[in-house]
Amino acid sequence: MGAIEQLFELPEYSINNIEKRELLLNELSGLTKFHYENCEPYKSILNNLEINPAGKFKNIEDIPFIPVRMFKTQKIQSIPDSEVLKVLTSSGTTNQQVSRIALNRETSLLQVKALASIITSYIGNKRLPMIIIDSDATIKNRSSMSARGAGLVGLSNFGRNHFFALDENMELKVDEFIEYVEKYNSEPILIFGFTFMVWQYLYNKIKGAGKKVDLSKAVLIHSGGWKKLVEMAVTNEKFKEELFNLFSIKRVYNFYGMVEQVGSIFMECEEGYLHAPNFAEILTRSYEDWSVLPAGEKGVIQAISILPKSYPGHSLLTEDLGTVIGIDNCKCGRKGTYFQISGRVPKAELRGCSDTHAETVLNSAGARQ
Amino acid sequence: MNVTVFAPKHNPGAELEIIINNNFISQKPLPSFDSASIEFLSALSKEILETKGIKSYPELVALAYWLRKSNIISIAEQFKTGISNSEVIVPRGIAFHIAPSNVDSIFLYSWALSLLAGNINIVRVSQTLNPQLEMLFYAIRKVLEDENLASVAQRNILLTYPREESINRFISLRSDVRVLWGGDETINNIRLLPAKPATKDITFADKFSYSVIKSSSYNMLDADGKSKLANQFYNDAYWFDQMACSSPRFILFAGSNKENEQASASFRQFLNSELTRKGKVDTIDVAMEKLVYMYESLSKTDASSKPELPKSGEPAVVRVDKSEISKFRETCGGGFFFECFIENLLELSLLVSRKDQTLAYSGFNKEELCEFAAKVNGAGVDRIVPIGQALNFAPIWDGYSLLNELTKRVHIII
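Line order of the protein sequences matches chains A and B. Counting the first sequence from 1 gives a position; this note's numbering is that position plus 51. Counting the second sequence from 1 gives a position; this note's numbering is that position plus 43.
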């Protein structure tokens, strides 16, 4: 059995890290070689850094990374266009370039399988009635999909009788929502949405309307980043506490993931930590010399995944900051690396004659030029 | 339409039409080279130098030196030598300046020259204020409190507002000259706005600059000489986080391959010592930019030597082949350089392009440089200066003789 089959075969979060890294290393070495041979920009980087991908890498830390931003500035893929099944794009705001991730059938299937393995370990194998805190307009075009759309489609596989709780203006359909909850409340309901949208369009709306809705049996899975909520002084703890107060919901799981590595998401556990699944690993690097940091030290997150077969996204230096808390010894019982995310690398504000672009971006929310 | 005025008086919620009202628009400009203008610039020079903490901003110290009375008078005198006795120099009228964002002192040079020329000035500065700008505005306000300088105070406004077309349009329609600092996008946007039929635009577009070192000469320098050159290069490259148009993005070494290798290694070593001495470290955002730009560059070239991943405070350097110079025009600043080996200056003359502004050199003689300029023949390069003087502002900038552009000549025939 190949490494990848073993990683799928074994129960999620069950492998101790030494064994897991050995399995990952086999896959990652192969992926590095494959992408080197099939993706010109990637090959050029490795050549210039004098990294030879012919053999097996010794340590997971030796697997070369590329900055995740490169998917925004260049076409980076390892398959001919004819084999592209679909293209994922990140949900960039005005004036920002978006990531472009080309998937083939194999990568797409692996993503689905990996996601299933992770999510079912949390909610079980049975499909649950599902409320999606979004509008169905978000997923209308299936061949070119935003990160948000891809997330919704991916997660919707774990539910049935899907109910899109928002209309096209992002307004909660309050009455239908309450009706749905009452109808299915004898069993667990799966709720999925983007963190900010759950807060703004569900929590605030229901709270503002003075309603009380019982979601004590429900599971909420949410993702998408904390930036907007941090600005509103809503921490993860506060988020969970407020949601519990309003809905009596106990099972609330955040996950960290990115469009460049769909599928191998990092789910939050009951202790509030994010966990690397069987197919992925997390390293943190020092911005001072880009060396790997030990657990406990905050650094730039390097996300590793064995799923990307169609583009060299198996080892990415993100622009997120975080800290590895420990390995194999989380109180929740899950094996592997667990960590926390603590924000993003700020946007550089260098002085200059010609940096009007930065200002344009800053002002784009308001007046147009 | 609300604007924030920084000088002559701080006013955070001013109404544009009240600030730039008919009285302001219709006042008579001061004569060119009026004593009040010279006094103002000289007083500003002193005020800046007396500002607490100014020493940590060498670019502001340089600005203050440039503004001192003797230098301003010598600039005026030098300009006047080119005027015939049948010409009288007069101001153009109202000048609208768009300062580049995030640069503190650069726009002050063109403003100062415009003020010296006698123009009435409306200066739009960046929305993002840094300590340097705050310091400068404070100094300007303080100097303008002097009653003897009331004539200057009432003819100059420094303000900011969001990038709103309506405001730019309002001011454009009332301007006789527009002084536009880039980026290119800003310049193009403003130039699309109507002005008066005779309005003149002076544009400082995006530019590209490099340093070139003659390796054989460099290799003969002693440690002191090398250390001095590193210091001068530091000033060129780091004063504005390498983001000024005149900051070098490329470092070229000219000579045989062996000479270049030797010079490059030694130059790097002395520059690193200089950076250590200056206590230079990178913030995480800058470190990230340097890393991303390095990978972006490496993905597009066959680098001629293995680059080191950038360490905090150290320069990030990617060596590229001379055939690829034109491919690498974008850098992130903060100490990110392309390095290239050439045989001689003439080889470089073939690689010059229109946007090239400053060539800062070390080790070449006048003959070689003149030959280079003649060979380039206007294809690019506006200034050739010794390393260390790349940021020294001169009244001739980007190919403009600024006082010429900011004044009019009345021709008198007797």
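Don't read these hints as lab results, they were simulated from the structure. Warning: the hint list may mix true and false statements.
[Claimed, not checked] No more than 27 Å apart at the CA atoms, straight line, and that leaves these computed lysine-lysine pairs for DSSO-like:
hint: 1; chain 1: A; residue 1: Lys123; chain 2: B; residue 2: Lys343
hint: 2; chain 1: A; residue 1: Lys126; chain 2: B; residue 2: Lys370
hint: 3; chain 1: A; residue 1: Lys84; chain 2: A; residue 2: Lys137
How the hints compare with the structure:
Between the alpha carbons of Lys123 of chain A and Lys343 of chain B the distance comes to roughly 15 Å, so the proposed pair stays at or under 27 Å and holds. A distance of roughly 17 Å separates the Cα atoms of Lys126 of chain A and Lys370 of chain B; the hinted pair therefore holds under the 27 Å criterion. Under the criterion of a C-alpha separation no larger than 27 Å, the hint pairing Lys84 of chain A with Lys137 of chain A is consistent with the structure, at around 24 Å.
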